[in-house]
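Enquirer: These are the residues of each chain, in order.
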Amino acid sequence: MFLDVLEKYDWNKIKQDIYSKTEKDVLLALNKPKRDLEDFKTLVSPAAFPYLEQMAKLSNKLTQKRFGKIIQLFIPLYLSNYCINECVYCGFNCHNDIERIILDEEQILNEVEAIKSYGFEHILLVTGEAPSIAGMEYFERVIKLIKPYFALISMEVQPLEAAEYIKLKKLGLNTVYIYQETYNKESYKKFHGKTKKSDFAYRLHTPDRLGKAEMHRIGIASLLGLEDWRTDAFFTALHLKYLEKKYWKSKCSISFPRLRPHKGSFKPEFSISDAELVQLITSYRIFDEEVELSISVRESRKFRDNVVKLGITSMSAGSKTKPGAYALNYNALEQFEVFDERTPSEVVDMIKSKGYEPVWKDWDYYMQL
Amino acid sequence: MSLIIADKTFNSRLFLGTGKFSSNKIMEEAVLASGTELVTVALKRVDLKKENDDLLKHLKHPGINILPNTSGVRTAEEAVFAAQLAREALETNWLKLEIHPDPKYLMPDPFETLKAAEKLVKLGFVVLPYIHADPVLAKSLEDAGVAAVMPLGSPIGSNKGLKAKDFISIIIEQSNVPVVVDAGIGAPSHAAEALEMGADAVLINTSVAVASDPVSAAKAYKMAVIAGRLAFEAGLARESDTAEPSSPLTKFLSEE
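Here the protein sequences come in this chain order: A and B.
Reminder that position 286 of the first sequence reads as 290 in the numbering used here, one-by-one numbering, no gaps.
Reminder that position 129 of the second sequence reads as 194 in the numbering used here, one-by-one numbering, no gaps.
A few of these clues could be false.
As the list claims (entries may be wrong) - Below are the DSS-like pairs computed for lysine-lysine, each with C-alpha atoms no more than 27 Å apart in a straight line:
{"no.": "1", "chain 1": "B", "residue 1": "K122", "chain 2": "A", "residue 2": "K255"}
{"no.": "2", "chain 1": "B", "residue 1": "K225", "chain 2": "A", "residue 2": "K61"}
{"no.": "3", "chain 1": "A", "residue 1": "K271", "chain 2": "A", "residue 2": "K65"}
{"no.": "4", "chain 1": "A", "residue 1": "K358", "chain 2": "B", "residue 2": "K180"}
{"no.": "5", "chain 1": "A", "residue 1": "K148", "chain 2": "A", "residue 2": "K255"}
{"no.": "6", "chain 1": "B", "residue 1": "K284", "chain 2": "A", "residue 2": "K69"}
{"no.": "7", "chain 1": "A", "residue 1": "K69", "chain 2": "A", "residue 2": "K200"}
{"no.": "8", "chain 1": "B", "residue 1": "K230", "chain 2": "A", "residue 2": "K358"}
{"no.": "9", "chain 1": "A", "residue 1": "K38", "chain 2": "B", "residue 2": "K230"}
{"no.": "10", "chain 1": "B", "residue 1": "K122", "chain 2": "A", "residue 2": "K253"}
{"no.": "11", "chain 1": "A", "residue 1": "K200", "chain 2": "A", "residue 2": "K171"}
{"no.": "12", "chain 1": "B", "residue 1": "K316", "chain 2": "A", "residue 2": "K358"}
{"no.": "13", "chain 1": "B", "residue 1": "K169", "chain 2": "A", "residue 2": "K174"}
{"no.": "14", "chain 1": "A", "residue 1": "K358", "chain 2": "A", "residue 2": "K313"}
{"no.": "15", "chain 1": "B", "residue 1": "K125", "chain 2": "A", "residue 2": "K65"}
Source of the hints: derived by calculation from the structure; they are not laboratory data.
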């Protein structure tokens, strides 16, 4: 399991390695045909920052070679904002005094109708973590309910057991996103208090359980803002390589959840600038030519428009981050503030104007019998 | 000389993939410029429920045949299911059989491919399986009744050319069905090389789709494939590492 791998590395030592990389290391890494984890440290290091344009060009070329000039589109459907966790950085934090709702079947179908009218075939189901309200029984019902409407179903909910993933996969679940938030054990404890989520190892091993369940795609990430992003990126890359090698039938995807304003007062201690986020995106691509890279509406219009060419392979569009927001206009609590508020068709036009083809559908139910 | 696969005759030995293009319109222009008569379409990209799928709409031209592929499936069972859907929706019994359980390098699974091919041939499909350049597998598939074999030149999308050349030439030598080199071809010179070796056709996608000017790239491939085939038919003298001794060593045999 991944904890055994992780424990071989010392956070501070890795951080020191990254910050002591030199220009010579950068040139070496950029001119190799394939890069290893040591090169990844170089790519995310301050030493590589002056080479951002070169990294962007390389990332653009490698992404086009593997994925073509296309961007896949998906939309999140927030099902419930109930949450038992107290993550200070998240709007669903149980201490936030706001209206909580969970959508019933009729409400879900209303939302689905609105989403389908935009043209989406790939959907991401999202809930807070509240197993007694939104647990396995609910997930099974929802997936069965919406399966006829979508070519690809993804999920971002609390960590589940391998047997539960197998069950949901049989019903049509394709992808599970599970973010470690931070790979720094001490910081992780600090942010997750005494809740269920404070079990670092259980969360860390969720991708292992997904791999064992042969989930088609596993999405991982560290939250940008909780810890030193460069060091967390190294551990995410380490996790990625571990998963690709061990669970070779599963595809991997990386997301870039940069902390955004939300209800509550958390101010990220470690910020990451737009330019640094570009460095991070291009670093993953140069390091791993096959990994999918996904960007959400947490980012601004300008930023999203420009990363279409920099290595990103999928993006959400027209997203609302609270339950019942597409058709029902509920005024429930949102998870985070949407930065890019354009409609899906406006995002599609933008992608086309960049010389890329927006792809609505890249999967089908018969591909997971 | 034209190429015959199953019941169809092809004047062009260039097959094109339709993924990765920056728009369906540019894809259509490249297809037309290439002179190809057979294009592959990933079933997963097509909305079979829709009457007027945008990708297919751009491929409706006389002389252009659709070869649906099963890209994305991981087992024989899924491939057979996909094939039946394709046959019904696209009204063709031709199928590029592609099974890769490995989503990273998209390496074809030999066991599942053979299993699916046997089943699909029985169901009346014209099967063109995508395989490793594995001569034994190619022969087993031929025995199973496939219409052609499609060995990879290099890892898919790698543009590395014919890294598997030695094994492809064994397949060409032994095969009784057409051999189409698929995957890895990154330049017209690679395509010409495959045809010069005696491959019956090549399938190109990434190299055209991702070129700065896909239409010109398609034209370049068209010419390369014609040149390569012509060279093969002309029976070019093989290159040789050994110098010919000026006075033949066996000359004495004809001496009085």
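Enquirer: Now, for every hint given, state plainly whether the structure supports it.
Expert: Verification of the supplied hints:
Between B:K122 and A:K255, the direct Cα distance comes to roughly 30 Å. Violation of the 27 Å bound is thereby established for this hinted pair. Between B:K225 and A:K61 the CA atoms are separated by roughly 20 Å; this keeps the pair inside 27 Å, and the hint holds. With a CA separation close to 36 Å, the supplied pair A:K271 and A:K65 exceeds the 27 Å bound. For the hint pairing A:K358 with B:K180, the CA-to-CA distance comes to about 43 Å; that exceeds 27 Å, so the pair is violated.
A hinted pair counts as satisfied when its Cα atoms are at most 27 Å apart, and A:K148 with A:K255 qualifies at roughly 23 Å. Simply put, B:K284 and A:K69 have alpha-carbon atoms about 20 Å apart, close enough for the 27 Å limit, and the pair holds. As the CA atoms of A:K69 and A:K200 are separated by approximately 43 Å, the hinted pair breaks the 27 Å bound. Simply put, B:K230 and A:K358 have alpha-carbon atoms about 38 Å apart, too far for the 27 Å limit, and the pair is violated.
The straight-line distance between the Cα atoms of A:K38 and B:K230 is roughly 23 Å, inside the 27 Å bound, and the hint therefore holds. Taking the CA atoms of B:K122 and A:K253, the gap is near 33 Å; set against the 27 Å cutoff, the hint is violated. A threshold of 27 Å between alpha carbons decides the hint, and for A:K200 with A:K171 the separation of about 23 Å falls inside it, so the pair holds. The straight-line distance between the Cα atoms of B:K316 and A:K358 is roughly 71 Å, outside the 27 Å bound, and the hint therefore fails.
Taken as a hint, the B:K169 and A:K174 pair is honoured in the structure, with Cα atoms around 22 Å apart against an allowance of 27 Å. Simply put, A:K358 and A:K313 have alpha-carbon atoms about 8 Å apart, close enough for the 27 Å limit, and the pair holds. In summary, the hint linking B:K125 to A:K65 is not supported, as the alpha carbons are separated by about 31 Å, beyond the 27 Å threshold.
Figure legend: structure checked against the earlier numbered hints; hints not met, in rising order: 1, 3, 4, 7, 8, 10, 12, 15.
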